[in-house]
Amino acid sequence: MRYLPLTDTDRGDMLAKIGAGSIDDLFVDVPEIARLDGPIRDLPMHASEMAVERHMKARANKNLAAGDAPFFLGAGAYRHHIPASVDTVIQRGEFLTAYTPYQPEIAQGTLQMLFEFQTQVARLYGCAVANASLYDGSTACWEAVAMAGRVTKRNRAVLSGALHPHYAQVVKTMAQFTGDTIADSAPAIQTEPDLDGLTARIDDETACVVVQYPDILGRISDLSKVADAAHAKGALLIVVNTEPVALGAIMSPGEMGADIVVGEGQSIGVGLQFGGPYLGLFAVRDPKHVRQMPGRLCGETTDAEGKRGFVLTLSTREQHIRREKATSNICTNSGLCALAFSVHMTLLGEKGMRELAAENHRLACLAADRLEKVPGVKLLNTSFFNEFTLMLDGKPAREIVRELADRGVLGGVSLGRLYPGIEALEHALLVAVTETTTEDDIETLANELERIVMEPAQ
Amino acid sequence: MRYLPLTDTDRGDMLAKIGAGSIDDLFVDVPEIARLDGPIRDLPMHASEMAVERHMKARANKNLAAGDAPFFLGAGAYRHHIPASVDTVIQRGEFLTAYTPYQPEIAQGTLQMLFEFQTQVARLYGCAVANASLYDGSTACWEAVAMAGRVTKRNRAVLSGALHPHYAQVVKTMAQFTGDTIADSAPAIQTEPDLDGLTARIDDETACVVVQYPDILGRISDLSKVADAAHAKGALLIVVNTEPVALGAIMSPGEMGADIVVGEGQSIGVGLQFGGPYLGLFAVRDPKHVRQMPGRLCGETTDAEGKRGFVLTLSTREQHIRREKATSNICTNSGLCALAFSVHMTLLGEKGMRELAAENHRLACLAADRLEKVPGVKLLNTSFFNEFTLMLDGKPAREIVRELADRGVLGGVSLGRLYPGIEALEHALLVAVTETTTEDDIETLANELERIVMEPAQ
Amino acid sequence: LEEPLIFEIGKAEVTGVDLPKIDPAVPTRLAGLHRDDAIGLVGLTEPETVRHYTRLSRQNYGIDLGFFPLGSCTMKHNPRLNEKMARLPGFADIHPLAPQNSVQGALQVIDELATWLKTLTGMPAVAMSPKAGAHGELCGILAIRAAHTAAGNPREVVLVPESAHGTNPATAAFAGYRVEDIPATPEGRVNVAELKARLGPDVAAVMITNPNTCGLFEKDFREIADAVHEAGGYVYCDGANFNAIVGRVRPGDLGVDAMHINLHKTFSTPHGGGGPGSGPVVFSEALAPYAPLPFVKQDDAGEYYLVEEEHREERGPTFGRMTAFHGQMGMFTRALTYMLSHGADGLKQVAEDAVLNANYILRSLEDLLHAPFADSGPCMHEALFGDKDFGGDLSTLDLAKALIDEGYHPMTVYFPLVVHGAMLVEPTETESKASIDQFIEAFRSVAQRALDGDQSMKQAPYYAPRRRLDETAAARKPKLAWSEPEE
Amino acid sequence: LEEPLIFEIGKAEVTGVDLPKIDPAVPTRLAGLHRDDAIGLVGLTEPETVRHYTRLSRQNYGIDLGFFPLGSCTMKHNPRLNEKMARLPGFADIHPLAPQNSVQGALQVIDELATWLKTLTGMPAVAMSPKAGAHGELCGILAIRAAHTAAGNPREVVLVPESAHGTNPATAAFAGYRVEDIPATPEGRVNVAELKARLGPDVAAVMITNPNTCGLFEKDFREIADAVHEAGGYVYCDGANFNAIVGRVRPGDLGVDAMHINLHKTFSTPHGGGGPGSGPVVFSEALAPYAPLPFVKQDDAGEYYLVEEEHREERGPTFGRMTAFHGQMGMFTRALTYMLSHGADGLKQVAEDAVLNANYILRSLEDLLHAPFADSGPCMHEALFGDKDFGGDLSTLDLAKALIDEGYHPMTVYFPLVVHGAMLVEPTETESKASIDQFIEAFRSVAQRALDGDQSMKQAPYYAPRRRLDETAAARKPKLAWSEPEE
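Protein chains in written order, with full-length UniProt numbering: chain A, 1 to 458; chain B, 1 to 458; chain C, 35 to 521; chain D, 35 to 521.
To be clear, the hints were calculated from the coordinates, so they are not data collected in a lab.
Glycine residues also receive a C-beta, built at the ideal position from the N, C-alpha and C atoms.
Here are the in silico distance ranges between beta carbons for each label pair:
#1 A:GLU443 x C:LYS55: 22 to 30 Å
#2 B:THR7 x A:ASN61: 39 to 47 Å
#3 A:ILE422 x C:LYS230: 45 to 53 Å
#4 B:THR7 x C:GLU518: 17 to 25 Å
#5 D:ASP71 x A:ASP37: 36 to 44 Å
#6 A:THR7 x D:LYS511: 32 to 40 Å
30 Å max Cα-Cα, derived DSBU-like pairs, lysine-lysine:
#7 A:LYS373 x C:LYS55
#8 A:LYS307 x C:LYS513
#9 B:LYS307 x D:LYS492
#10 C:LYS253 x C:LYS152
#11 C:LYS118 x A:LYS62
#12 C:LYS331 x A:LYS172
#13 D:LYS513 x D:LYS45
#14 B:LYS307 x C:LYS467
#15 D:LYS253 x D:LYS422
My request is simple: use the sequences and hints to build the entire structure.
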């Protein structure tokens, strides 16, 4: 057993020291009914690295990796190029195999990194303070709603129809248990989001309005007036961002008056990974809200010799101190993903972040122009960053996506999959374009779409 | 430029400090005739990671990787499974980006590793002392011949016909310049190597006899009598090993009386890599020969506080001290490959090394039995470790190998390629089998061989 | 050399990536919302970046560096094959919403891991999407509440032992329950009589950690479970300590209704300095219908697919969706790799060696240190000590910090709360006897100093990258982001 | 904690790999030569192995940790993209003797790298197989000897400047030449007059490093080359310092006949604690025919193939084969990745920044330290100082060891031999100005202490993993392998 250092001799010596006759003597407290007479049945025995590698590779090879196909999927998870040095850093054993930095004297590496990470996120979001990360964007979204309830002492949340449907579902699932009221709807297929309709739904019971930016259809709009409307009613504006790269080109939510900004950080440094682990980002514009924030926070302090150092702080909010009175039951953050994000962000810097955003947008414009020319394809958006919605004639988009995949093209996310059963959205296809997309990829998608859209429905 | 930290502002400030008006002022000593007016023409400009990765991957994808095909190549380079933790260790920046340990106080990591490596190699080879590695097996082989010349003060080397032909060519190339006489021949296709013929060639002028073990045809034979014959004439026996895994099953060269044992260490931890970097192993049975050894040596000592530590030692043999009187012009070793070897060897240990050897041999026996059954195929060897020679009817083996590759099978190394122009060897195919070979692979090769061998020659 | 912050060495005009220059002439479609002001980020080139993080890393302690005896956290070795497998493009580079015909291998991995988890726990169902242990706890309690609600009454109270992890009461409270403590017996286990007396129609569930946080197996677990079921409640088992029994005991045989499994604790996914975790939850038949979406099923043709909101029949009375996609795939590949490596025999050995190592530590220290439950029978995978008889006004914290100077990460301190100055030592199965012996020697030496009242320990650590850090000052006036120094 | 040797913690019965048990009943075909006695190896499990080497690594200094100003060694940043590319299975997992139709991409990489090297040096041919710089030198000198021999007389003497790397004379001697020194001028360059005077029909070649090891460009290189050619000799240029001029100066324009290129110095392949290196050699038209086998060619159909012994026509009067296969492929992929990353413009910038950084250091220290050639004009990529005026009996070595305590790897010491107590500082282009400024400050501080005769420096380093090690004892009674301690 390559991971188990004890030899049989060791085991014998140790049992002797303990005064036990056999290993079974150490399990005497297990009731008879639960004692097994050998290794659990129906599972294989141990295997060599080589055998395990074959097993896992056989599964991996059944998947069409994004890098092996023209790839246009987004809808909350984006494929970006991750510099090779990011993985070098996160594989350092001192980062990879460390625990939560509860002993700060020997965890300054993680702690300083988190302090830098918090600063990067806060600045990207146009906020004062960010936490040390949460599980992912969708759970961060719920935590923001819950926090708005604590801050406003109200329990009604108004969700924009153009919030990622999974995020909305998470919020609604949780609200079932907390008794919060959630007002939401499906997105209307139109060029501009209906912000007036949204603000009209804010009332005096409203704790928060939740708006995605850019929204689920890729649209960008000025949220200042939503912020004003919310603030006028004593509600908070929560802005959700699923594509942090966009914030290298467009105004930050904080600048537009958002009170809480949350989002998915996966785009920077983390990768697709079939949905997880991802990286929940959480920030507040006004430092006065810090003590209502969920999740870990890293703060600066000094050591006994006066040297600068960092510690986890304000942990009186957390469950291991507050138990049932904690602001959240969250225990872990996404430390290693936060590290990956922070390393990538450090490599980018202001200049790289802006250039990356510009390049994403440039290619997305190119793609939109090209795809719009395909007969039977219409571009919905007038504004977008790196993702836009196409309306397709003929078959439902969901079928088209499957057929494209059969032809080796990962052509986008159908709204039919995200909003099953809503007829109005059946023919809409979300197409995301990043710096990893080539002009050849765009041409391939255009040609394949042309072929499939024009086919008579069966 | 992602690897160049100076900004234009920095450059300006630094030029000012230096007192230079422009960067050109620092290149004033370059004669006019060699000054270029801009970036060198005919080369591309700088490129992003993503673009470079695309370029390199396009090339990598044109190669048939061993892991993607039934694979039976050997002849001096063997494919073994390398545990994942080996690469983790060699990618540690402290190992990867360190220099030769000339400042031992801050290089104990490399030095202690080398000391452990030397011990592992010496024991594997049945020798007293091993050096810290050389470039590869073939250059180590020449260094052994050169060392035998220094020890015996003679200049005639007798090479076994069954020494790897590339190794023999390297020795002969070098000997052209040193004036050594090299006696060699091609291997005779027979079940047992002609050791009597070899010993008969040893005379009073002979500095050394060089024998490969197992030999180029995969045969294993007791070299004690060659050792005796050599020693009787005052010559040294040099044993060359190209498959260190074999030494987990068969008697070590040192035990059989070899004076110098050299070989290729690539099998353990290093990988195929299209031929390099590899790992030259070099050991001597008798410690009295240490000062005649080429290459770096790491030795134990103590520091000013009496703590055990390690340093490069006996460097008075080396070129940076001895200049034209050095034992060799070799400057670098294969430090990182030695590390990979040592980590893998540490994971194996005595038990793993023996089991690995047994498993290689078991599968090779299986393969030999199966392939022998193919009509038109004869097994030459009565003894072998994990590689044996097949005699094929019909087309020359070289053509058969190419056709197998076209069908996605990497079926072995033809002696026709190793010994071009020697008709007697044209129909011989070297087949290597390791723990990475599956029974399916063997079956595939058998079936494909059957098809091709039976085809009428065109 | 002290390592500065990136904001102190980076520059806005420096970058470590090469991207095309921005052409301001190209029109944009950004609704006019250009970000004109500086973001405030700084960049480093790759050499500077690699060096910054390499230097930072060297101020961290990790399992790769040494023994990491954090009780209840199960800091075991992270095999590198797991890392390699998780990085295969077929796993790392696939999109969560990729057409399902293009990701059959990934869905198969989820299904295989689910099968392993169900078989190892003896439970019929598992929810894979929870993102971490605490998220798993939440998943379990929400399923319990959903089941009660479906039966007409969500009930009011969840019973939790005093020694429980803080996440237990936090989770129960989140789900709208009132938390009541269950007292412990002097030997460190749940007081069964008092527990039974408290059961009634208002009790929704009990949450018990087994093996418990005192390091003991709750021998009466089955009896408790039966009583809870009798009273119409559910049994939630905190699986944090599953490592002690994996492959040897199936929680399903003990009457568990729901249990989360921390993949990093039992199945060796790396902890990464605080996550990401992954907390699948196994369910009994009674709770299985309430499990969250999505989950993986195989159709008649053998094709895998995700059951989501739209599958009205198959999804059952699920309580909903806990997270955007379908769980921590990157952790699943690692955990499955680990399971395949160990197999049924190896996992049993894992539990046995973990328990053996812990008992060896317990019996090697009990002569010196107060071991409150040393007479309660063998411990499981962790050994618990208290600070009784420490000299001067030395505390467990001082001992912990002194241990840092010996080259070790400290054990868990002040947890569980039921023991004064608790020290919870968990060696795991991936330590060698030599390593443990060395630790015992060091531990005995600092323990003796603590008993002797060695005042120098109050200043420890002396040899760490930092001396003791002022946590009070950090909390009083929080500085949570870097800002440009004022001139 | 001190890290023991594997032989002190490992065991013969422990292994970190899982392999089938040996079945002694299975017959073998090993000619009866079974290895019956113990080999004497010990094994560690994976957790122990990873920890052992992680701990060892932390006793090393590398570029990733800090500034590494080793003159003439060019310790620049090793980009991680290079590592990633070298590990693509299409490069890492192909056999050197694989059928050439199955490795066209690999042969193409060798050809592309060859094209880059030829274009950058302005030379018509390149030998790719030499395994390291010194091996490349040997390749160059052997080609020269082969050419002379073909012309009827191998000649007898090779001229080498006093300041040359030790490998130069060692190589020339190996090839059967007598080595004669070329004196230097007081300004640190080759004495052209004396060199010319020495030329004659017995001189086979001159070997000159340019930029030279005093850090200066040999301005009269072309004049020397012309004179050597006039006298029927060849010009070997040691390319160790090519980093200073890459992309800005083509050695072919200076009259070079052969030059090796250390891929790790100029093209960023990692040094790895002492190799592997890679030393391709560019050749002039005159020497190209003598280049070693094998080399890559493209046939009319565009297919790549290796020219080997059997290609009697194409191989020409080659001097033979220097190594078993076709060179350091793993280094080729890294170097090509680096070249593509930088491009022609980036490589020019590399040279310029390397030279700028060195001059900045020279001018920032020359007021304090003896800089023998400071007045000879700008230095190239390294700055040279001497130990003149050191106080007490302090030496360059003491300064070097004191620098370790400041957190730096020392510069190259006692080389070149032409300067007393030489200190050769090479910053490379991958250091930031901030990093260099910090180094200058530290260097000035230890230099001042040396000038002041601070005797405490004789005991330095104080804060390294080891204090000064006794190299004399190590050499007097060499202990080169571990052995079981005697009872």
